[in-house]
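Put together the whole structure using the sequences plus the hints.
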Amino acid sequence: MRLTHLGHACLLVEIADQRILVDPGTLARGWEELRDLDAVVVTHQHPDHLDPDRLPALREGNPDAAWYVEAEARDLVEVPGSVPFVGGDEVRVGDVSLRGVGEQHAVINELIPRVRNTGVVISADGEPTVFHPGDAYDAEPGPVDVLAMPLNAPWCASKETVAFVRRIAPRYAVPVHDGLLAPAGRGIYLDHATRFSPERTEVVDLASGDARDFT
-9 MRLTHLGHAC LLVEIADQRI LVDPGTLARG WEELRDLDAV VVTHQHPDHL
41 DPDRLPALRE GNPDAAWYVE AEARDLVEVP GSVPFVGGDE VRVGDVSLRG
91 VGEQHAVINE LIPRVRNTGV VISADGEPTV FHPGDAYDAE PGPVDVLAMP
141 LNAPWCASKE TVAFVRRIAP RYAVPVHDGL LAPAGRGIYL DHATRFSPER
191 TEVVDLASGD ARDFT
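Residue numbering for the sequence shown follows this note's numbering, beginning at -9 and increasing consecutively.
Hints listed in this document are in silico derivations from the structure and should not be mistaken for laboratory results.
Treat the hints with care, since some could be wrong.
As the list claims (entries may be wrong) - Pairwise CB distance ranges, derived in the manner of DEER restraints:
1) Gly71 x Thr184: 36 to 42 Å
2) Pro173 x Gln94: 30 to 36 Å
3) Leu66 x Arg190: 35 to 41 Å
4) Arg82 x Glu130: 20 to 26 Å
5) Pro144 x Gly51: 30 to 36 Å
6) Asp65 x Arg190: 38 to 44 Å
7) Gly199 x Leu170: 14 to 20 Å
8) Glu100 x Pro37: 20 to 26 Å
9) Asp85 x Ala153: 17 to 23 Å
10) Ile98 x His182: 19 to 25 Å
11) Leu66 x Pro144: 16 to 22 Å
12) Glu100 x Pro188: 30 to 36 Å
13) Ala174 x Ala47: 32 to 38 Å
Glycine included, every Cβ here is placed at the ideal spot set by N, Cα and C.
Put into structure tokens, the structure is as follows:
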């Protein structure tokens, strides 16, 4: 299984001969130029996870890709042919399973209404399991090998990030959701996540954009 971090919340997951893109948003780079995608997953409606302006280019370049879009987001942004994706759903893309986990976005503040959020567990026989939570720390994905770990957001503090990664206790944690951080500040958040993760968890920083194979 291979992961590429395209910036902020956006991940390209290559697993069991399938190419799956998660959360193509405004703060990520270059995803509209990807080709040969088999599926696109959108966890929720916020533009840093779903950029409507660049979606047409991605769709045009990947006409055969399946789209699984959180149901509220699908109602707001027209993605022809997309399938609503909510917690409890499980769909197949080739030999890969996409399982929806979770229900609501984390609280930003009491004045901002909460929206729906569906994290995704990506798995295939003989491959590491990946969990991308979208914007929430409360989902229960079950055992996972690789956790896409939101590093910073208006809806979380470092103590909550550490509690989340310790609760999930993956073999690997890949920092995502870092587009609001300056490099020096990102280093502080990354240091906290690294030092206080469980002993079994290796934090693998893919900020360079280079792909990494996981076994």
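Assuming the hint says 20 to 26 Å, is it satisfied by the Cβ distance from Glu100 to Pro37 or not? Holds: the Cβ-Cβ distance is about 22 Å, inside 20 to 26 Å.
Measuring from beta carbon to beta carbon, are Glu100 and Pro188 in 30 to 36 Å? For Glu100 and Pro188 the Cβ distance comes to about 32 Å; the hint holds.
C-beta pair Asp85, Ala153: status relative to the range 17 to 23 Å that was hinted: Given range 17 to 23 Å: violated, Cβ gap about 34 Å.
May I ask you to test the hint 38 to 44 Å on the CB atoms belonging to Asp65 and Arg190? holds (40 Å)
So does Ala174 sit 32 to 38 Å from Ala47, Cβ to Cβ? The hint (32 to 38 Å, Cβ to Cβ) holds, given that Ala174 and Ala47 are roughly 33 Å apart.
Given the hint of 30 to 36 Å, check if Pro173 and Gln94 actually sit that far apart at their C-beta atoms. holds (32 Å)
Could you say whether the range 20 to 26 Å given as a hint is met by the Cβ separation of Arg82 and Glu130? 22 Å Cβ-Cβ, so the 20 to 26 Å window holds.
Quick one: are Gly71 and Thr184 within 36 to 42 Å, going by C-beta? holds (41 Å)
Indicate whether the distance between the beta carbons of Ile98 and His182 respects the range 19 to 25 Å. Given about 21 Å between the Cβ atoms, the range holds.
Given the hint of 35 to 41 Å, check if Leu66 and Arg190 actually sit that far apart at their C-beta atoms. holds (39 Å)
Pairwise beta carbon distance, Gly199 to Leu170, judged against the given window 14 to 20 Å: Holds - the Cβ-Cβ distance for Gly199 and Leu170, about 18 Å, lies within 14 to 20 Å.
Please test the hint of 16 to 22 Å on the beta carbon pair from Leu66 and Pro144. Taking Cβ atoms as reference, Leu66 and Pro144 lie about 20 Å apart, which means the hint holds.
Of the numbered hints given earlier, the model fails hint 9 alone.
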